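Line by line, the protein sequences are chains A and B.
Residue numbering for the first sequence follows our numbering, starting at 1 and increasing by one per position.
Residue numbering for the second sequence follows our numbering, starting at 370 and increasing by one per position.
Quick caveat, the hints were computed from the structure, so don't treat them as lab data.
Quantities reported herein were computed from a predicted structural model and do not represent experimental measurements.
Careful, some of the hints might be misleading.
To be verified - Here are the in silico distance ranges between beta carbons for each label pair:
no., chain 1, residue 1, chain 2, residue 2, range
1, B, Ile417, A, Ala145, 37 to 43 Å
2, A, Ser202, B, His864, 22 to 28 Å
3, A, Arg358, B, Glu910, 24 to 30 Å
4, B, Pro834, A, Ser202, 32 to 38 Å
5, B, Arg763, A, Pro323, 40 to 46 Å
Here a beta-carbon is modelled for each residue, glycine too, at the ideal position from N, C-alpha and C.
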Amino acid sequence: MTVTDLVDATQPTVGDEPVLEAVDVTKHFTVHGLRVGRGTPRVVHAVDNVSLKLYAGRITALVGESGSGKSTLARLLAQLHPLTSGEIRLHGVATHATHGRSFREYARRVQLILQDPFSSLNPVATIAKTLHRAVAIHHPGKRRAERTKIIDDLLTQTNLVPPRQFTEKFPHELSGGQLQRISIARALAAGPEVFLADEPVSSLDVSIRLGILNLLRRLTEERRVAMLYVTHDIASARYFAAETAVMYAGEVIESGPSEAVTQQAAHPYTQLLIASAPDPSRTGKSAVRDIGQPPSLIDPPSGCRFHPRCPYAWQRCSTEAPPAFPLSEDANHTARCWLYSDDPQAPEKRAANARAIRKVTDSEGEDAT
Amino acid sequence: MALQSATLAESESGESVESRNGLRRRLLHSPLTLTGLVITLIFVVLAIIGPWISPYDPSAVSDAALAGPSAAHWLGTTQNGQDVFSQMLYGARASMIVGLGAAVLTTVLSVLVGVTAGYLGGIGDEVLSLLANVFLVLPGLPLTIILAAYLPHTGNAGIILVITVTGWAWGARVLRAQTLSLRKRDFVEAARATGDRTSRIILRDILPNQVAVIAAAFLGTVTGAILTQASLAFLGLTDVTQWSWGTILYWAQVSSALLTGSWWWFVPAGLAIALLGTALSLVNFGIDEFINPRLRQAGIGTKKAQRAQVKRTRRSLRRRARRERAERPTRAPFTSESTDLILDVRGLKVDYLSGNTRTPAVDDVSFALRRGEVLGIAGESGSGKSTLAYAIARMHKPPAQISDGRIIYTNPDGSTVDVLGMSDAELREFRWEELSIVLQSAMHALNPILRIGVQIEDVIIAHRPRMSSQERAARILELLAIVGIPADRANSYPHELSGGMRQRAMIAVGLALDPEIIVMDEPTTALDVVIQRQIIEKIVELKDKLGFSVIFITHDLSLLIELSDTIAVMYGGKIVEKAAADEFYRNAQHPYSRGLLNSFPTLGGPKRELTGIPGSPPDLRRLPDGCAFQPRCPVAVDECRSTMPPLYRITSSTGESSEAACLLYAAAQSTREMSEDGARAS
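Kindly produce the complete structure, drawing on both the sequences and the hints.
Shown next as structure tokens:
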């Protein structure tokens, strides 16, 4: 069984074809200057065999910690880096477009929104200049007045009204939330079918995150675009994405409907992630203990990449990489963990896992009373 | 050229009359730049109109040989009776042509090579860099002399060529390095992702951000070229019949003008070269401020605040007796009834000075920290929370200035002292002994070239000079064990540790002297949630064991509620709500606090509706009238726009009390009206 099965299993509830699809995508970055003897150059396994599907009108969350490969995957989907292996399919057609006209055509349909709005806009250009450029690329032949009208329209759509109040400003004169809206307006200029939002709210103030996320959701629904929401905040994935995929050390280890992934987390890493997130509604002490830290991606662990940290790991976990096991009837929810296999050791370990999780829930109940 | 493109960029961007006035105002504010600009312009004008206004033909001989300055010959005459003033005017043109010509060519060449090499990378970069490096190691002056000697009769063009050939490599290297760093910036990546062409990215994103460097290199080259031209001419390596300032000096020298005392012959030329060089340097210094839109607004407040800092009158205070630190008595764990104050901040006000304006970043903030308490301060960017953290330790730097308030620290023996009145020596002792700070970015707060153990040792040496090295080594191992760093990591450099380990090391440095208070400014913000959880659990465990108090500052309200005993929420430089953490979570009073609590997606329990807060946090420079939160407040009434509410004490039905700065709680009767209004408004 390959990883593809994992995603194939995630049948879309909206019965249509994916707009953008990653199939067994792998990206290894070569480490310069570090050669072991005369051997091959060392590589960072940033993304390994990941498959993901994005559907029109729906938000898919990609959750992981720093170094898990989630941002690299978003950039691979934007074709900013060439793939090591695998395919990226737009409407089912494998596309390879990293340069020249084909890349520009691809970029018109797939747009990337970056994390830090303060650094993703040219500091010495006015907002009008930045937006005029984007509009000029994707609406060639339009006159300046027409382009200005398009820009006003874009700013209005991203709730920056009145538009003229923003166009003559420089980026440092605007707040983070306003800048992120301008980044979104710039991405909208292309009229894309896919939005790849790489941590679009992480560097923003708490009170304005919600506004940006609601804007993204509205655009997704109104324009029927497919949205990839890359985040480290699994709680926001629960609220804003229909589906969630969790990445660890370059691999997708659990995926499924967001509510299932966050409420019945199956993979021990997802459980750890959820137990670690600050949540005032949970008053009990977390019973999920963590040992260690994410592995080196130059020399990832054999078998399951989480096994050195996993309290339930047994022999098999360190030798064989687990495939994706279905967890629900309709196989929407899957986890790459031997706990859910028919291995003879699995039931006992699964019971231990269930006890640990129940202890957390119990202590919550006690504290609440 | 670069100057022109900068002005072009400004006019293109459609900046209105307002910004033109701004330019003039900025110029007037920096007299040095203005002086430089005026002198340069005078020379440019003279160079252009010189030949028309010159009273004589510079080469025409006359009878008045070696005459001093007079009405007929303003600057006197040479040995052959030639008019020096006319020669100076003609010479200005030659110097300007060489200066500008060489600078334009050099700049174009270095921009082409530098930016191409930096942006394209790969083999092209290597070839171009190699070329630049070869030219860099060529000895400039000898090469110039040799080349000039081979091209004596090509006139100015030859000299321009010589200067360009020997001068372009330096600029190319600088620009290549700049381009390399710019290429990795997000806005360039964003432009690529929009589907822009490489050529346009270079023209629109890379180059405009290098204008300051290019302009500086350009002006530097003008000065250099004028000097080189003068030197070559002075050495007689150019056509000596063609007038330039250097040629004047050449003739003055070969005719022994110095010996005959005819100062008017060589002084004007020397002075002109020096003056023009100085003027160009002055323009060069000021240029960044005019080109960078961010610096344009930066005030000149820093100097003022620095002066104010020095002048700040020290309040008289009791000198704190130097004491040998005794073992801290064990105390009962912190409870909400505790009244054992350790730090009492009253009416603290911190301003940022800019020009003649004061921007209050912390405005009349008062709070009390009790022994063993974790006080959480929540706030968004621009709420003044980090300024507050620095001000408590008096680590704020100009243009920030503490303009009012008191910070009373209670020593373990019960005596009190005002931190704001401490002398520098007392302050050094107070910091780290009594109060330490753990900052957000551990990578930047740790010295990258010192081992972790050494950095902890430095703190101990500074404060415990009499401790033996064995005792120190034991203490370091103890500290590392406390924060959970394996002992063998003491010899690691910061970059060899993971983010979580570095943050632990920072906490170890903070704990080194067993302080009473630790101020933590976003200590876990840069970390992943799993590591954050480990660090937070460590802090709570240490606090219970060692009994220090914590001021924990973060924007992450849910983390703060879990961790703190008491929570203070800051908005627009003020504390708008103070309450026990449980009470705050269950029963937040201020509309801003409620909005914040309703902005967090939750993991546990059923999904609730998130309402968030409209608008964005205020700019401290332009705070709204009345209550700072009023423009975003769902229950604001007219009075909120005019009245700044103080903190009102509120007692809830369960008997818990909290404080909130909101007119909703101004008085019982008006409260009812307002909440009705509020209900209608929302």
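Looking at the structure, which of the earlier hints fail to hold?
-> 4, 5
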